[in-house]
Amino acid sequence: MSQDDHTRLAEPAPRVSAGGGSNQVRVRAYNERLVLSLVRQNPGCSKADIARLTGLSAQTVSVIMRSLESDELLMRGEPIRGRVGQPSVPMFINPNAVFSFGVKIGRRSADLVLMDFAGKISKQRHRTYRYPHPDHLLPFICDGIAEMEADMDATMRARIAGIGIAAPFELWNWAEEVGAPEGAMDIWRHVDLQGEVQTRMSHPVYLRNDATSACGAELVFGAGQRYPDFVYFYIGSFIGGGIVVNSALFVGRTGTAGAIGPLPVRDKHGETRQLLDIASIFVLENLLRERGIDPQPLWYAAEEWIDFGEPLEIWLQDTAAALAQAVIAAASIIDFAAAIIDGGFPAWVRHRLVKATIEAMNRLDLQGVVIPDIVEGEVGDQARAIGGASLPIFDRYLIDQTVLFKDTAHAEGN
Numbered sequence: 001m002s003q004d005d006h007t008r009l010a011e012p013a014p015r016v017s018a019g020g021g022s023n024q025v026r027v028r029a030y031n032e033r034l035v036l037s038l039v040r041q042n043p044g045c046s047k048a049d050i051a052r053l054t055g056l057s058a059q060t061v062s063v064i065m066r067s068l069e070s071d072e073l074l075m076r077g078e079p080i081r082g083r084v085g086q087p088s089v090p091m092f093i094n095p096n097a098v099f100s101f102g103v104k105i106g107r108r109s110a111d112l113v114l115m116d117f118a119g120k121i122s123k124q125r126h127r128t129y130r131y132p133h134p135d136h137l138l139p140f141i142c143d144g145i146a147e148m149e150a151d152m153d154a155t156m157r158a159r160i161a162g163i164g165i166a167a168p169f170e171l172w173n174w175a176e177e178v179g180a181p182e183g184a185m186d187i188w189r190h191v192d193l194q195g196e197v198q199t200r201m202s203h204p205v206y207l208r209n210d211a212t213s214a215c216g217a218e219l220v221f222g223a224g225q226r227y228p229d230f231v232y233f234y235i236g237s238f239i240g241g242g243i244v245v246n247s248a249l250f251v252g253r254t255g256t257a258g259a260i261g262p263l264p265v266r267d268k269h270g271e272t273r274q275l276l277d278i279a280s281i282f283v284l285e286n287l288l289r290e291r292g293i294d295p296q297p298l299w300y301a302a303e304e305w306i307d308f309g310e311p312l313e314i315w316l317q318d319t320a321a322a323l324a325q326a327v328i329a330a331a332s333i334i335d336f337a338a339a340i341i342d343g344g345f346p347a348w349v350r351h352r353l354v355k356a357t358i359e360a361m362n363r364l365d366l367q368g369v370v371i372p373d374i375v376e377g378e379v380g381d382q383a384r385a386i387g388g389a390s391l392p393i394f395d396r397y398l399i400d401q402t403v404l405f406k407d408t409a410h411a412e413g414n
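Residue numbering for the sequence shown follows the UniProt record's numbering, beginning at 1 and increasing consecutively.
These aren't lab readings, by the way, just hints derived from the structure by calculation.
All residues carry an ideal CB built from backbone N, CA and C; glycine is no exception.
Worth double-checking, as some hints may not be accurate.
Cβ pair distances, simulated, as ranges [said to hold, decoys possible]:
| no. | residue 1 | residue 2 | range |
| --- | --- | --- | --- |
| 1 | 121 | 195 | 49 to 57 angstroms |
| 2 | 41 | 195 | 28 to 36 angstroms |
| 3 | 314 | 179 | 19 to 27 angstroms |
| 4 | 150 | 270 | 51 to 59 angstroms |
| 5 | 363 | 170 | 55 to 63 angstroms |
| 6 | 182 | 314 | 25 to 33 angstroms |
Please model the entire structure based on the sequences and the hints provided.
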């Protein structure tokens with residue numbers, strides 16, 4: 001079985017619209033997930049708000065919310081007085097109710113994070129390498145989780161939902177571009193990463209494409225909350241992306257929708273190339289090497305980037321020109337409300353890149369194309385790890401699971 005086959009294991013049920021709950025006892029678990037999802041999406045909403053949004057009776061909502069409070073999944077805010085009738089009590093997700101581990105595996109570095117129920121990272125580990133190898137990554141993941149758990153009390157450990165891994169499909173590809181020795185990456189053709197971690201850990205393990213995970217994190221925790229439809233670009237060692245339609249991640253028939261790396265674009269010499277050959281951090285790495293500049297700070301941590309001067313500016317302008325073409329291509333197919341750009345770099349680099357992309361867009365022929373908003377991502381360089389950590393939480397507690405998994409129409413076989 002290939003790694004791609006393994007990435008499609010253990011997928012949860014498709015997303016169901018929040019437009020109608022059920023008072024049937026047999027689907028009480030669904031209604032609890034529905035309430036949790038709505039409180040997450042609308043912090044501070046009251047029982048009356050939940051009843052209005054779901055169509056559930058006030059009595060049913062009261063019973064559900066009391067149960068969720070009893071389980072410490074929800075917590076009350078200060079009552080809002082001054083209105084007619086009973087004071088309105090705002091409800092919030094309890095950040096300490098659930099925890100999950102998220103792993104990002106990249107071609108130059110790996111991250112391990114511990115995330116709470118509200119999406120905040122409380123612990124993290126980072127490792128850089130020339131190229132990824134399972135003999136190094138498995139101890140990093142498993143030993144790192146054991147160390148983090150050792151710092152948690154028994155109550156916190158009992159609230160761990162699972163481990164979510166965000167990794168590129170077909171890690172063995174483009175080994176030459178990242179400077180790996182010939183054949184060194186071929187081992188990934190035979191590694192079941194999800195299974196290897198699962199045999200070593202007691203928590204359930206989930207695996208998802210890294211760019212897809214990052215897109216899901218942006219939808220749940222970032223700028224994607226404001227746009228029902230958007231195309232997402234995440235620039236790591238290689239560029240990847242995702243597509244959101246009707247506030248749900250669309251992954252397509254094979255799970256590769258939004259894999260924008262192979263998209264053909266013109267470079268500054270007028271030659272047709274793949275987007276990943278221009279708009280990827282490994283291209284900047286090569287530019288730095290050609291000028292005798294140590295590229296290692298690119299992989300230490302995003303916040304440790306320095307302004308590399310001319311090579312960085314060259315890369316920004318070339319990447320922006322390629323992204324502008326990619327945005328037009330995407331907008332020509334689907335009328336996206338936004339194009340969201342993020343990556344494994346600091347906020348100041350992201351800001352310059354988005355600004356340059358907008359400028360490049362204005363130099364192109366836009367006749368017949370409705371240009372989406374071109375905006376910065378808000379989750380940042382940890383988007384892939386956060387997306388991974390979200391997988392067990394959505395599987396076990398929330399209703400809109402396809403935010404990170406699959407489109408409802410696809411799940412229904414349409």
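For each hint, the structure was consulted:
Hint check: residue 121 to residue 195, Cβ distance near 26 angstroms, so the stated range 49 to 57 angstroms is violated. The hint said 28 to 36 angstroms for the Cβ distance between residue 41 and residue 195, and at roughly 34 angstroms that hint holds. The hinted range of 19 to 27 angstroms is satisfied by residue 314 and residue 179, whose Cβ atoms lie roughly 20 angstroms apart. Judged by the Cβ atoms, the range 51 to 59 angstroms given for residue 150 and residue 270 holds: they are separated by roughly 57 angstroms.
Between residue 363 and residue 170 the beta carbon distance is about 35 angstroms. The supplied range of 55 to 63 angstroms is therefore violated. For residue 182 and residue 314, the hinted distance range of 25 to 33 angstroms is satisfied, since their beta carbons lie about 29 angstroms from each other.
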